Amino acid sequence: MAEKVTRRPYVREVPRVLWFLRHPRYVRYMVREVTCLFIGAYTLLMVVGLQRLSEGRASWEAFLEMLRSPWSIAFHALALGFSLYHTVTWFNLTPKALPVQVGESFLPDRVVAGAHYAAWALLSLVLLKLAGAY
Amino acid sequence: MTAFLTPALVTLTLLAGLGYVPDVLAYERLHAFAAHWLGKVALITVIFLSLWSVAHRLRITLYDIGVRADRGVAAAVYSAAGLASIAAAVFLFRV
Amino acid sequence: MSERLVELEVLRYNPETDSEPHFQHYSVACREEWVVLDALNQVKENIDATLSYRWSCHMAVCGSCGMMINGEPKLACKSFVRDYDGVIRVEPLAHFPIERDLVTVIDDFMAKLTRVKPYLIPKNAKAVEEGEYRQTPEELKRYKQYTLCINCMLCYAACPEYGLIPKFIGPAAISMAHRYNQDSRDGGRAARQEEIAATEGVWECSFTGACSEVCPEHVDPAAALQQVKIASTIDWFKEHLMPWLKK
Numbered sequence: 001m002a003e004k005v006t007r008r009p010y011v012r013e014v015p016r017v018l019w020f021l022r023h024p025r026y027v028r029y030m031v032r033e034v035t036c037l038f039i040g041a042y043t044l045l046m047v048v049g050l051q052r053l054s055e056g057r058a059s060w061e062a063f064l065e066m067l068r069s070p071w072s073i074a075f076h077a078l079a080l081g082f083s084l085y086h087t088v089t090w091f092n093l094t095p096k097a098l099p100v101q102v103g104e105s106f107l108p109d110r111v112v113a114g115a116h117y118a119a120w121a122l123l124s125l126v127l128l129k130l131a132g133a134y
Numbered sequence: 001m002t003a004f005l006t007p008a009l010v011t012l013t014l015l016a017g018l019g020y021v022p023d024v025l026a027y028e029r030l031h032a033f034a035a036h037w038l039g040k041v042a043l044i045t046v047i048f049l050s051l052w053s054v055a056h057r058l059r060i061t062l063y064d065i066g067v068r069a070d071r072g073v074a075a076a077v078y079s080a081a082g083l084a085s086i087a088a089a090v091f092l093f094r095v
Numbered sequence: 001m002s003e004r005l006v007e008l009e010v011l012r013y014n015p016e017t018d019s020e021p022h023f024q025h026y027s028v029a030c031r032e033e034w035v036v037l038d039a040l041n042q043v044k045e046n047i048d049a050t051l052s053y054r055w056s057c058h059m060a061v062c063g064s065c066g067m068m069i070n071g072e073p074k075l076a077c078k079s080f081v082r083d084y085d086g087v088i089r090v091e092p093l094a095h096f097p098i099e100r101d102l103v104t105v106i107d108d109f110m111a112k113l114t115r116v117k118p119y120l121i122p123k124n125a126k127a128v129e130e131g132e133y134r135q136t137p138e139e140l141k142r143y144k145q146y147t148l149c150i151n152c153m154l155c156y157a158a159c160p161e162y163g164l165i166p167k168f169i170g171p172a173a174i175s176m177a178h179r180y181n182q183d184s185r186d187g188g189r190a191a192r193q194e195e196i197a198a199t200e201g202v203w204e205c206s207f208t209g210a211c212s213e214v215c216p217e218h219v220d221p222a223a224a225l226q227q228v229k230i231a232s233t234i235d236w237f238k239e240h241l242m243p244w245l246k247k
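Chains as they are written, first to last, in the numbering used here: chain A, 1 to 134; chain U, 1 to 95; chain P, 1 to 247.
I should point out that these hints are in silico values taken from the structure, not numbers from a laboratory. Remember, it's a predicted structure, so these values are computed and weren't measured experimentally. Just to be clear, a hint being listed does not mean it is correct.
As the list claims (entries may be wrong) - Subject to a maximum C-alpha distance of 35 Å in a straight line, what follows is the list of computed DSBU-like cross-link-like pairs (lysine-lysine):
| no. | chain 1 | residue 1 | chain 2 | residue 2 |
| --- | --- | --- | --- | --- |
| 1 | P | Lys238 | P | Lys144 |
| 2 | P | Lys123 | P | Lys78 |
| 3 | P | Lys44 | A | Lys4 |
| 4 | P | Lys44 | A | Lys96 |
Said to hold, decoys possible - Just so you have them, the derived chain P footprint on chain A, three or more residues with Cβ under 8 Å:
| no. | stretch |
| --- | --- |
| 5 | 8-20 |
| 6 | 50-63 |
| 7 | 83-97 |
Each residue gets a CB set at the ideal place from its N, CA and C atoms; glycine is no exception.
Based on the provided sequences and hints, a complete structural model is requested.
In structure tokens form, the structure reads like this:
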């Protein structure tokens, strides 16, 4: 007579909110995701700027004045840092999504990422030049 | 796209904040740019795409930190992105 | 050969007697070149025969001995004791229910693997008399990387989305679907899309990248998943904007 099988699998719960604190790899992932909040905030700032622009010169000048406040500078410093971090992490991941096969090998990741960095640098410099930043 | 454009854009307004207002942010230049239909298209495209991608990431990140009501969150973040985009379009129309 | 005393903290669980898992400490005399699996075998042979765990090839090709070693998903046969200082914490692979001691319930993964139809569905079926399905070296290279998966499930233990959303089909299963989709002999992409392009399919992936970091065979499942996302999106647009195109 076979013995009765007693199975009672134990399920280990994952902490619902703070799971990412368990390993540096997940902390880095969360940081990467959270940087997008600053990009979102900056875009909303752009929308506000557009509103001020549409209200006429006086309103726009007041907007520029607001940009000079210490809070604005601090926000911009953070936004610049985080948007650069976003750019770097994004470009470093892009080769994974876009493999370029050449014969029996693939273009090395650094070539694909490098092409993105080059295009980005060029685009940024052109944009800044056209905008009169330098 | 935010990876390509956002740093440069932030730099522009940062420079303005530091006192070196780039030409394009002077009222006449920016107004002229936004008045032209090409300028409007460029601005609304950048704003819409940025807001949309941020909304999407925010939806995923909220789920990651335990907010499970995905349908509600999705509705909220995409609507917010949509509303802000419509607002931007309205302002652009008025320029 | 030099020996050293290695301290192990192993998570034990006996479904017949325990209400919860608990750690048990073992001091094992290990040779310098040993891996954690050797230490566990030493425990089983000479110290505590009740310890249960899966293993087979001892050379990182069978995928049986996946477990959490100091909180990291690893193959026990590929984790050298000399790389660890102090106590080595050994637990069953994360995100899977514990059957007993270090043995996990892998039914979920096995079911998901089956769902993605991980076999060749020939584009143009040939009778055996018609000869082989031919393929150039370039065509082979297109999917070869994804054939290296040994189903060790370390990627499932690493994937935070799988930990949070158990319905997620997961890295290895989707990579396996991608392996066949990329195979020039295969015509089963449409058949697999049902599972892969579903919500619990590839769209739960948030590109954390942990799966590729822990994969012992360098399959790079994260890359496969992003490629599947792009292919699925293109498919969706084609289907909705150009419905006259045959699938």
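So, going through the hints one by one against the coordinates:
no., hint, verdict
1, P/Lys238 / P/Lys144, "holds, 27 Å"
2, P/Lys123 / P/Lys78, "violated, 39 Å"
3, P/Lys44 / A/Lys4, "holds, 25 Å"
4, P/Lys44 / A/Lys96, "violated, 42 Å"
5, 8-20, "holds (count 9)"
6, 50-63, "violated (count 0)"
7, 83-97, "holds (count 3)"
Of the numbered hints stated above, those contradicted by the structure are hints 2, 4, 6, listed in ascending order.
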